Amino acid sequence: MSLNVSPSPHIHDNISTRKVMLTVIISLLPACIAGVIIFGPMALVNLCVCTASSVFFEYILRRIMKKPQTISDMSAAVTGLLLGMNLPPEINPLFGVIGSFVAIGVTKQLFGGIGQNFANPAIVGRIVLMLSFTGHMSRWSEPFYYKNEYDSVSTATPLVSGNADYMSLFLGTTGGCIGETCALALILGGLILIFTRTITPHAPIAFIGTVALLTFIAGDDPLYAILSGGLMLGAFFMATDYATTPLTEKGKLIFGIGCGLLTFAIRKFGSYPEGVSFSILLMNLLVPYIDRLCELKPVGMKKAAKESGKV
Amino acid sequence: MAVKIGGVKLPHLKSTENMETVDFPLPKKLILPMSQCMGAPCTPLVKKGDTVTVGMKIGDCDKPMSVPVHSPASGVVSEITDYRLSNGASCKAVVIETDGQQTVCPDIKPPQITDRKSFLDAVRESGCCGLGGAGFPTHIKLGFDPDKTPIDTLLINGAECEPYITSDYREFMEAPEEIIDGIEYIMKMLDIPNCKIGIESNKPSAIALMKKQTADNSAIEVVSLPSSYPQGAEKVLIYTAAGRVVAEGELPSHQGVIVMNVSTVAFIIRYIRTGMPLISKRLTIDGDAVTKNNGNYRVLVGTPVSDLLEYCGAEEYGKLLYGGPMMGIALDNAERPIIKVNNALLAFRSTAEPVTTSCIRCGRCIRACPVKLMPTSLESAYDREDTAELERLKVMLCINCGCCSYVCPANRHLAEKNQLAKGLLMKNKRR
Chain A
0 MSLNVSPSPH IHDNISTRKV MLTVIISLLP ACIAGVIIFG PMALVNLCVC
50 TASSVFFEYI LRRIMKKPQT ISDMSAAVTG LLLGMNLPPE INPLFGVIGS
100 FVAIGVTKQL FGGIGQNFAN PAIVGRIVLM LSFTGHMSRW SEPFYYKNEY
150 DSVSTATPLV SGNADYMSLF LGTTGGCIGE TCALALILGG LILIFTRTIT
200 PHAPIAFIGT VALLTFIAGD DPLYAILSGG LMLGAFFMAT DYATTPLTEK
250 GKLIFGIGCG LLTFAIRKFG SYPEGVSFSI LLMNLLVPYI DRLCELKPVG
300 MKKAAKESGK V
Chain B
0 MAVKIGGVKL PHLKSTENME TVDFPLPKKL ILPMSQCMGA PCTPLVKKGD
50 TVTVGMKIGD CDKPMSVPVH SPASGVVSEI TDYRLSNGAS CKAVVIETDG
100 QQTVCPDIKP PQITDRKSFL DAVRESGCCG LGGAGFPTHI KLGFDPDKTP
150 IDTLLINGAE CEPYITSDYR EFMEAPEEII DGIEYIMKML DIPNCKIGIE
200 SNKPSAIALM KKQTADNSAI EVVSLPSSYP QGAEKVLIYT AAGRVVAEGE
250 LPSHQGVIVM NVSTVAFIIR YIRTGMPLIS KRLTIDGDAV TKNNGNYRVL
300 VGTPVSDLLE YCGAEEYGKL LYGGPMMGIA LDNAERPIIK VNNALLAFRS
350 TAEPVTTSCI RCGRCIRACP VKLMPTSLES AYDREDTAEL ERLKVMLCIN
400 CGCCSYVCPA NRHLAEKNQL AKGLLMKNKR R
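Residue numbers (numbering that gives the first Met the number 0), protein chains in the order written: chain A, 0 to 310; chain B, 0 to 430.
Think of the hints as simulated: they come from the structure by calculation, not from any bench. It should be emphasised that the depicted structure is a prediction, and the values quoted were computed from it without experimental measurement. There's no promise every hint is true.
Simulated pairs of lysine-lysine, DSS-like, Cα-Cα distance not exceeding 30 Å [claimed, not checked]:
1. B:LYS421 <-> A:LYS296
2. B:LYS8 <-> A:LYS296
3. B:LYS108 <-> B:LYS147
From the derived model, a few chain B residues whose C-beta atoms are all more than 12 Å from chain A [stated by the list, open to error]:
4. ALA39
5. GLN111
6. GLU124
7. VAL235
8. GLU249
9. ILE278
10. GLY323
11. GLU352
12. GLU384
13. LEU423
14. MET425
A virtual CB, placed ideally from N, CA and C, is assigned to each residue, including glycine.
Make the full structure from the sequences, and use the hints.
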């Protein structure tokens with residue numbers, strides 16, 4: 000009888016990359032559903048187009064490169080869904096396809112696929128679209144406009160207008176990207192991720208806490224600052240992306256604080272009203288250094304004698 | 000010093016815990032490799048055609064770090080063969096054709112113990128080694144130098160954190176007096192003032208029984224350990240039960256502790272009383288390929304695994320393990336014998352190994368590592384053969400508990416890579 004002779008351990012936890020990604024998708028669904036209810040059928044079309052085109056680009060590129068197929072791990076679907084959530088509801092779906100190509104093709108697959116990319120694919124996709132098609136990317140629709148007789152009505156995001164009430168910020172009935180407005184749904188999704196131990200709460204808490212604290216110090220309304228814009232979406236779902244954030248809990252805290260600092264600075268002093276995407280992207284670049292700084296100290300490790308000239 | 004010990008929660012699967020130990024029928028043939036535990040292999044003291052009796056010494060070695068081997072049965076030596084151990088090393092093996100009489104060797108009598116030295120000599124002659132699985136020669140462990148490394152605590156390992164295995168638990172339930180007598184004897188002979196017995200909280204009856212047995216001895220404390228794997232790993236146990244950290248390059252004795260498995264102490268007192276050396280082991284036989292008679296058996300050392308499998312109705316098996324599913328060694332064939340360090344034989348049907356995919360940097364391995372290593376960083380350092388980085392990240396501190404591989408969603412062989420990395424560093428050092 001042939002025996003399988005493999006090294007220990009011989010059992011495995013009931014977990015896989017696919018299950019992790021499915022958990023992320025499930026935790027994104029409340030915010031997606033809220034977005035579709037608030038912004039109507041075009042929001043649904045955009046979410047679907049982004050998800051489908053991301054999976055398509057992943058499939059076709061893996062095929063062209065003759066690499067093992069990875070669409071079944073669902074990570075491309077997560078990227079697509081996140082990108083869709085970062086688009087204005089009424090945008091032409093073709094822009095979503097372009098964004099998906101930038102996210103999956105350029106940011107993810109050119110760097111080796113899942114786990115190898117240094118920048119968050121959905122964020123790069125969004126930023127490229129925002130810089131290339133600024134007009135299209137900053138046309139915000141009035142909530143529930145699709146129930147009205149007249150065509151789409153433009154509005155401003157709460158970060159620009161500064162006059163939304165807390166309840167509409169919390170429920171998401173304000174102008175903004177499809178998946179970013181409903182704080183309630185995003186917090187619910189974040190809690191799903193935390194309680195299923197898919198993410199640790201370090202980065203989101205540090206991120207949101209830093210923004211609130213700095214806003215408070217600057218004399219503005221901290222609650223308004225954390226409920227508006229893409230902060231909740233970014234903090235729970237993008238500042239916790241495995242591949243592009245630090246490995247250790249200490250590193251995640253530093254990452255979150257850095258994101259909060261940059262977001263506050265861009266919002267307060269920059270020429271863009273929103274800075275969540277830029278801050279996460281900038282912090283992505285620092286991850287190797289944060290990781291190096293925040294390595295764990297093994298239990299029982301003895302301090303090595305200082306070597307001259309070499310760290 | 001607050002150190003958070005990681006580890007994982009495993010399913011316990013201890014379905015054999017209430018099964019009393021029964022004697023396994025005498026096999027027709029016993030295979031006794033001359034290397035049964037850590038240390039130098041023995042040279043056979045018998046030759047083909049010799050008659051052997053129960054407890055007769057059949058292999059020994061003049062190196063201090065070695066343990067003699069005794070015949071577990073009476074019969075005739077049918078051959079002396081070359082034997083390849085499961086770690087790849089070779090030694091001689093004595094094959095005994097049993098005669099069914101189980102005639103006891105006339106030399107078997109309780110050892111004469113007058114002082115520390117005669118006690119340590121007796122422990123060596125008993126053929127005793129660490130019975131928890133690692134198989135460190137007991138006389139070496141107990142032969143610490145009290146001037147250089149004074150020992151204040153004898154730590155008894157009854158954690159038994161691996162799934163399936165219940166052999167130490169049965170020792171607690173079946174021989175509580177002997178365990179305490181053994182502990183008190185060792186404490187007296189080696190002048191160790193305190194003892195702690197560490198038992199995982201998933202064995203409440205063993206904890207209660209031990210507390211009852213030690214009620215009148217304030218020097219012995221029973222410690223309930225959290226049921227998390229790898230609680231029974233020596234360094235983890237020393238930390239949770241005694242609050243001490245065994246540093247890099249240190250032995251537990253540097254921290255004033257020696258750790259002994261519960262079955263080892265019970266064996267030592269039996270040997271002191273009867274003079275019968277280590278010739279049998281309690282073995283948990285279980286696993287999903289075992290169709291009948293799973294349970295705890297007293298098995299003679301040298302019993303072929305195939306005999307045990309046949310008795311337990313295991314026919315459709317794809318994986319056989321010496322020991323538990325987290326750290327056990329997979330067998331390459333069922334003709335291998337049970338050796339002294341084994342405490343379980345597990346037979347599983349499934350042979351399918353999950354597919355390995357790319358690391359997604361989720362950090363689960365880092366959170367699971369009880370030593371706080373960074374397995375994913377170690378893996379990439381090993382893959383590019385960066386020995387400087389492996390040393391900087393302290394791969395030699397890895398205890399090979401397997402937690403990192405267990406939790407990896409990408410099914411990466413992190414624990415295996417750590418072992419390979421250790422080998423790479425050792426090879427480079429020897430150069």
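Checked hints:
no.: 1; hint: B:LYS421 <-> A:LYS296; in the structure: holds, 19 Å
no.: 2; hint: B:LYS8 <-> A:LYS296; in the structure: holds, 23 Å
no.: 3; hint: B:LYS108 <-> B:LYS147; in the structure: violated, 34 Å
no.: 4; hint: ALA39; in the structure: holds, 25 Å
no.: 5; hint: GLN111; in the structure: holds, 41 Å
no.: 6; hint: GLU124; in the structure: holds, 33 Å
no.: 7; hint: VAL235; in the structure: violated, 9 Å
no.: 8; hint: GLU249; in the structure: violated, 7 Å
no.: 9; hint: ILE278; in the structure: holds, 27 Å
no.: 10; hint: GLY323; in the structure: violated, 9 Å
no.: 11; hint: GLU352; in the structure: violated, 6 Å
no.: 12; hint: GLU384; in the structure: holds, 19 Å
no.: 13; hint: LEU423; in the structure: holds, 15 Å
no.: 14; hint: MET425; in the structure: holds, 17 Å
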